[in-house]
Amino acid sequence: MDLPLVITRLVHIIAGSFWVGAAIYLSVLLEPRIRSGSIDLERQILRRTSRLNSLWITNAAVITIVSGFVLISMTPERSMTDLGESGWGVMILIGLLAALAAFFISGFAGMATAKLRRAFESVENSPDATISPESEQQLAMFRRRLSSLGYLNAVLVVVAVGSMAIARYV
Amino acid sequence: MPGAIWVGAAIFLAWVFQPAIAKTGPPHSGAVIANMVKPMVILLHSAAWLTTVFGVVMAFRVPGRDPLFDYLWSTDWGTMFWLGFLFAVVGYILGTVAGINSKKMMDLGKSLTGPPTPEQSGQITTYQKRANMLAKVASLPVLAAVAFMALAQHV
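Going down the list, the protein sequences come from chains P and E.
Counting in this note's numbering, the first sequence runs from 1 upward without gaps.
Counting in this note's numbering, the second sequence runs from 1 upward without gaps.
Hints in this document: simulated from the structure, not taken from any laboratory.
Hints are not guaranteed to be accurate.
Label-pair distances were calculated between CB atoms; the ranges are [to be verified]:
(1) V97/E / M80/P: 44 to 50 Å
(2) V155/E / A165/P: 44 to 50 Å
(3) L3/P / T117/E: 55 to 61 Å
(4) S79/P / I100/E: 48 to 54 Å
(5) I100/E / N59/P: 28 to 34 Å
(6) K115/P / L50/E: 17 to 23 Å
Which residues of chain E face chain P? A partial, calculated answer using Cβ under 7 Å [claimed, not checked]:
(7) M1
(8) I5
(9) V7
(10) V16
(11) P39
(12) L43
(13) V62
(14) P116
A quick note: this is a predicted structure, and the numbers were derived from the prediction, not measured.
Glycine residues also receive a C-beta, built at the ideal position from the N, C-alpha and C atoms.
Next comes chain P alone, as it looks inside the complex (with noise of 0.2 Å):
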């Protein structure tokens, strides 16, 4: 048994596992559940797990995303130059850029969060802490955003598993 393979391999897929299921969760479930309740729960859940989220979610997009690089130079007859060449190579390569992708729409998505946030936060500091139409239309603009991205990450990150899972077979 080819040990330093076994475990990179495992990482790969411990760690892809949970970014897919988390950005899905989130994007999915998650977020249109807390926006539809009230101003108040959508504040302090941001509050307490925005920062969290994005700090899960990114390492586990780090370690999956380095761990694929590894884990091709190590596969035996497999290597960096086969990327876009046989079909294993184009799907691989296919998987790659989506997962790329997502983890810079991935950071977009954390980015909007933030500013969400300090919208919040902003509205909470002020004098008579309500909200005004022009805060109300920023936060609706940011809300729309995060949301989008959120959608496109989770498409991204099914494109990466579908066409990584099944580039052995191609």
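Fit chain E to the given chain P structure using the hints.
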């Protein structure tokens, strides 16, 4: 794909989201749980069932492992495979029990007409703690199932 959703969502829920929500305190954590239990249960059960059904179908179609049951009990691959299956089933059962506790907490919260009595508060806290603990425990065999399945082809 459903397997990745099952594992990822279970770990995220148990180790990241639930502990963070618990820190927000009863009014907010209760509202989130009440809002989320049903879709969460649907997502995790669907992912678990799809993973199991497709996993079993795939097991019967693995090239060079036919008839499956001969290989299942007599080879290292088979041992890793059925251990993975066993851990997945254990994780699913524990996750279901965690879901039942979350639902009990939600039902109790819904039945309240005014502020909860100390006894009701205690019961809600007990259900929440039990659900959080079981979700954490359930994520471990699910993780072990992934590890065993991933290792199967290397032993």
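The hints, checked one at a time:
no. : hint                        : verdict
1   : V97/E / M80/P: 44 to 50 Å   : holds, 46 Å
2   : V155/E / A165/P: 44 to 50 Å : violated, 21 Å
3   : L3/P / T117/E: 55 to 61 Å   : holds, 58 Å
4   : S79/P / I100/E: 48 to 54 Å  : holds, 50 Å
5   : I100/E / N59/P: 28 to 34 Å  : holds, 32 Å
6   : K115/P / L50/E: 17 to 23 Å  : violated, 36 Å
7   : M1                          : holds, 6 Å
8   : I5                          : holds, 5 Å
9   : V7                          : holds, 4 Å
10  : V16                         : holds, 5 Å
11  : P39                         : holds, 5 Å
12  : L43                         : holds, 6 Å
13  : V62                         : violated, 13 Å
14  : P116                        : violated, 18 Å
Hints 2, 6, 13 and 14 from the earlier list are contradicted by this structure; the remaining hints agree with it.
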